[in-house]
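Here the protein sequences come in this chain order: A, B and C.
Quick note: the first sequence, position 126, residue 126 per my numbering, numbers continuous.
Quick note: the second sequence, position 382, residue 1382 per my numbering, numbers continuous.
Quick note: the third sequence, position 143, residue 2143 per my numbering, numbers continuous.
Since the hints were derived computationally from the structure, they do not count as laboratory data.
Since the structure is predicted, the reported quantities are computational estimates derived from the model, not experimental observations.
Some hints could be false.
Stated by the list, open to error - Here are the simulated SDA-like cross-link-like pairs (lysine to any residue), alpha carbons at most 20 Å apart as the crow flies:
no., chain 1, residue 1, chain 2, residue 2
1, B, K1009, B, S1035
2, C, K2189, A, R52
3, C, K2156, A, R108
4, C, K2189, A, E51
5, C, K2161, C, S2132
6, C, K2156, C, E2247
7, C, K2113, A, R108
8, C, K2159, A, E51
9, C, K2297, C, S2132
Unchecked claim - Here are some chain C residues the structure puts well away from chain A; computed CB gaps all over 12 Å:
no., residue
10, M2028
11, G2057
12, D2114
13, M2184
14, E2318
15, K2323
Just so you know, even glycine gets a beta-carbon here, dropped at the ideal spot from N, CA and C.
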Amino acid sequence: MPEITYLEAIRQALWQEMKRDERVFLLGEDIGRYGGAFGLTHGMLDEFGEERVLETPISEATIVATAIGAALLGMRPVAELMFMDFVLLSLDQLANQAAKMHFMFGGRATVPMVVRMPGGSGSGAASQHSQSLESVLMQFPGLIVINPSTPYDAKGLMLSAIRNPNPVCFVEHKVLYKMKGEVPEGDYTIPIGVAEIKRPGRDITVVANNVMVIKALNVAEKLSKEGIEVEVVDPRTMLPLDTETILQSVARTGRLLVVHEACQTGGWAGEVIASVVGSPIFDYIDAPVRRLGGKDIPIPYNRILEKAAVPQEADIEQEIRASVEGRI
Amino acid sequence: MPVPFIMPKFDMDQEKATIISWSKKEGDLVTFEESVLTVETEKVAIDVPSPASGILAGILFKDGEEVPVTKVIAYILKEGETLADLPKMDLPKPPSKPEAAPVSQPVAVPQAISVSATPIAIRMAKEEGVDLSKVQASGVRITREDVERFIADKKKVGRVTVAATPAARRVARENGVALEAVSGSGPRGRVQSTDVLAAAKPRVTPLSTAQVNGRESEIIPLTNIRRTIAERMQKSFNESPHIALTVEVDMTEAENARKRFNVQAEKLKQPRITVTALMIKVVAWALIRNPYINASFNGNSISLWKDVNIGVATAAPQGLVVPVLKGADHLGVNEINIRLVELAERARENRLKLEDVQGGTFTISNLGMFGIRQFRAVINPPESAILAVGSVVRTPIVVDEQDRVEVRPMMSLTISADHRVIDGIVAARFLSDLVIGLESPSMLLY
Amino acid sequence: MSKDKGKGSEKDIGSHKLFDKRVKQLKMSDDSLIGLYRTMCTVRHFEYMADKLYAAGKVHGTMHLSAGQEAVAAGISLAVQPDDYLINHHRGHGHFIAKGADINLMMAEFLGKDAGYNHGRGGSMHIADFQSNNLGANGIVGGGIPQAVGVGLALKMQKRKEICVCIFGDGAANEGVFHEAMNMVALWKLPVLYICENNKYGMSMDVDRAVAKLPIAQRADAYGIPWACVDGNDVVEVYDAMKTAVEHIRSGKGPYFVEAITYRYFGHSKSDRNLYRPKEEIEDWKQNRDPIMRFTKHLLQSEIIDEGQAQEINAQAEQVIIKAVEFAEASPEPDVSTLMEYVYA
Chain A
1 MPEITYLEAI
11 RQALWQEMKR
21 DERVFLLGED
31 IGRYGGAFGL
41 THGMLDEFGE
51 ERVLETPISE
61 ATIVATAIGA
71 ALLGMRPVAE
81 LMFMDFVLLS
91 LDQLANQAAK
101 MHFMFGGRAT
111 VPMVVRMPGG
121 SGSGAASQHS
131 QSLESVLMQF
141 PGLIVINPST
151 PYDAKGLMLS
161 AIRNPNPVCF
171 VEHKVLYKMK
181 GEVPEGDYTI
191 PIGVAEIKRP
201 GRDITVVANN
211 VMVIKALNVA
221 EKLSKEGIEV
231 EVVDPRTMLP
241 LDTETILQSV
251 ARTGRLLVVH
261 EACQTGGWAG
271 EVIASVVGSP
281 IFDYIDAPVR
291 RLGGKDIPIP
301 YNRILEKAAV
311 PQEADIEQEI
321 RASVEGRI
Chain B
1001 MPVPFIMPKF
1011 DMDQEKATII
1021 SWSKKEGDLV
1031 TFEESVLTVE
1041 TEKVAIDVPS
1051 PASGILAGIL
1061 FKDGEEVPVT
1071 KVIAYILKEG
1081 ETLADLPKMD
1091 LPKPPSKPEA
1101 APVSQPVAVP
1111 QAISVSATPI
1121 AIRMAKEEGV
1131 DLSKVQASGV
1141 RITREDVERF
1151 IADKKKVGRV
1161 TVAATPAARR
1171 VARENGVALE
1181 AVSGSGPRGR
1191 VQSTDVLAAA
1201 KPRVTPLSTA
1211 QVNGRESEII
1221 PLTNIRRTIA
1231 ERMQKSFNES
1241 PHIALTVEVD
1251 MTEAENARKR
1261 FNVQAEKLKQ
1271 PRITVTALMI
1281 KVVAWALIRN
1291 PYINASFNGN
1301 SISLWKDVNI
1311 GVATAAPQGL
1321 VVPVLKGADH
1331 LGVNEINIRL
1341 VELAERAREN
1351 RLKLEDVQGG
1361 TFTISNLGMF
1371 GIRQFRAVIN
1381 PPESAILAVG
1391 SVVRTPIVVD
1401 EQDRVEVRPM
1411 MSLTISADHR
1421 VIDGIVAARF
1431 LSDLVIGLES
1441 PSMLLY
Chain C
2001 MSKDKGKGSE
2011 KDIGSHKLFD
2021 KRVKQLKMSD
2031 DSLIGLYRTM
2041 CTVRHFEYMA
2051 DKLYAAGKVH
2061 GTMHLSAGQE
2071 AVAAGISLAV
2081 QPDDYLINHH
2091 RGHGHFIAKG
2101 ADINLMMAEF
2111 LGKDAGYNHG
2121 RGGSMHIADF
2131 QSNNLGANGI
2141 VGGGIPQAVG
2151 VGLALKMQKR
2161 KEICVCIFGD
2171 GAANEGVFHE
2181 AMNMVALWKL
2191 PVLYICENNK
2201 YGMSMDVDRA
2211 VAKLPIAQRA
2221 DAYGIPWACV
2231 DGNDVVEVYD
2241 AMKTAVEHIR
2251 SGKGPYFVEA
2261 ITYRYFGHSK
2271 SDRNLYRPKE
2281 EIEDWKQNRD
2291 PIMRFTKHLL
2301 QSEIIDEGQA
2311 QEINAQAEQV
2321 IIKAVEFAEA
2331 SPEPDVSTLM
2341 EYVYA
């Protein structure tokens, strides 16, 4: 299987789907000749032309609204927001409009659209270009929030996202763009709303998303040498969240740590933990459930401060050790 | 000023004690050093003497409650004092009215203890079944709020819970294990499911191959003593490298000596000399000759004890106790025997005092009376060795160089020694001294 | 139509000769004129019935009534085709009725019934009928303005003849997305007809106090969008402007902007106590400029209908509304077991 990057995997999905389905088109800022801020749409203008690779003015709300309008008429728009932070400029259209249309109109409207948005810190982009806002988006039923952690997942989930009849927020992570992994060249989809156990282990369940999955896997590998077997669960879809897989995992391990880059307060870890402790799985919990989120601060610019603002591998390791104390 | 009655600290590492029972009640006259209550420490049950003469009042902890040492548990009132004089109640009183509390009266007789309280507090206390004398007044007199606080606190106390994870609770439920009986391995002693499973195992193990339906076990919560035994034995076994050496002793002469002693003891209406008493005498002698056996390992140093205080492992209803015979090397067999019998009796009745079980430097464990021929014991820390005494069995042995075989009363002695302090050869010498002492007892008994 | 008419100032209703002339110019048939009258009557009855139902405690939520603005809805509907798309604002009953919505289903939705257009999920503010390309009303002021860009884009991509009509109020014109959308719709020359229905008040805010430069429609100049500002209480004038706009759009020249000056009789919503405008003002509009009254006068003067016919049409319209209420009231409530439905497609 060829090894390509996370970024290339997403581009491949867009490319192949645009070839397969002429209703699919891209819109966003600087996605044409420039190839997108991260180069993700590089070459697509030449291949598909201006009619299907639409460069827009800097009008995030209307980019998303345009996707909505087109989707209502049966198109399959894929909009790009240059940074996830800018989703806040278009939140009315995503949250008040797209998310609610199917419901509000009694099931008579569908809004099949994808809004791509690279989030996360690690690139020195500072406070307004580094946020992880997936927890915010999880507050809007009707939206689908996807958050792939590997190139393989990114492609398979993107193909599912475009084909899904609902508005999908496709949250990418800037730091993952260069990560390589095996990706089948052909067409495959990964089901939306299904978590994946990225690594099985008996001692503790670590639920993590996007780049934190990679960090958790590294820690799991290290701790395995000491006999601590960490199960890493990647929800992949944040909304709707596959709590079933998480519950089953916790039932096996008895321990839970949730890791995300999003600010801890109000972060989705709380949601996961509440789902677990409020379920019958409560009786299988064998240590206080823990969460490790980003610090409750805007992401700083300075490299050292930026690192300290979000969970690092050492933090994850420490949390795992604290959780399994006395067990191993 | 009323004399505060504190929970005494009996032992260096003791942090708390559990009140087994108060033998006196509030209002009772007590005299200085008179036993007022019995408490259980991690080691023994102890009678606690009164710190003063007067009237017992203001008991703060009930039977069954665990109390940190040095905490005030009650007060002793002198003549003329009332509960209102208790320290926590001596908030500003109306200076000009020394008899401001009209209900308060000088304590002359126990029944006369009375409490200063507002009428509604008195009514409430009556309705709620609260003993007003136990209620602390926040001001001059006990008010409704004080009674309410007392009731609320009482409820709090009743909700003592074991720190355990939900999974541990489930496993305990499923296996019928009392969580109180499980020691936790988690942070701050939190009980985890694996701890419960481990605790449940002994019950399960004998049945492991064939599941017996409906088989139930009685769950016995750990007493402090049981828990202490468990922890100390586990610690000892984990920390000190045990070596064990065994010798066989011909007890012919020792038995003869015992018989002679017993003829005398009968005449004096004294208890019959036991093998253990004889053993203690010989062991005390051998310990003087082998100071490293009478020692403690301190990590960076070794303490060679000057005193020879020999503990005797004794079965008591509440579990294993080890009363200690102090200065055994200075005592004759008769005296050893008398003290031993007394200690054993106290142990059986759970009346051992703390000093009875403290300060041991060596321990003897005798299971011979049960027909156990030979066994190894676990060292009782901080001691460095323990002697396991087997039963006396008439055994044919070669008695001389002509290979003549005779039936002799033979007994095995096994020493478990902490190799950090005691080398094999040191232990061997000690054992050979015991053999000498037991096979030629006259040299030390008379 | 003209650009200098400005606000809905005092305006002579005009002689019936002028009326006849314009009708002839616009090639409006008698039937179409009667149709406009019927539509306006139906809207008026719907709104007054809604108010009555509300007073009777039969309406769960709020509502925004368009009585007084009927000419705008009617005028648009005659200018567009039934399969043109409509994106509407929260005061949308009239536009939906004019677009030919099933009044029974509207009323059922208004009463929150399962038979309603939205299965009781939307209520007054969100009535939509996707089968007739009615893409729904929007509860967010200005929320639909940028969506029209997408609809227009899709129509262009799909090379279709339909256009998108997007109606919003004077208040919505001050939302930021207004600018984004105007820019993009003009940039891409999309088939969108933007209609600003200026009823003078954004809730309580007088348009004179909220808009730096009037008319609102002149803002279209900034984007190179042709525009008109018309008397929204003159149904023929509204139709005239819309017809021109629709022709412009269908010819592929891109968007068009029409502002229609009108006036609402009821408060903004049911919580409104009309403290921000004098009673005399409301009465003046009702007595002197009412769109139905004016149109009826012309129809009678031009002898397109007579008094009896006018009353008959009006009575028929009322019957339609009464029947719709009967239908709605007889409809079952949504089953609570269906609560979680329609969240995801």
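Notebook entry, point to check: When the hints from earlier in the document are held up against this structure, which numbers fail?
Noted result: The structure breaks hints 3, 9, 12, 13; every other hint is satisfied.
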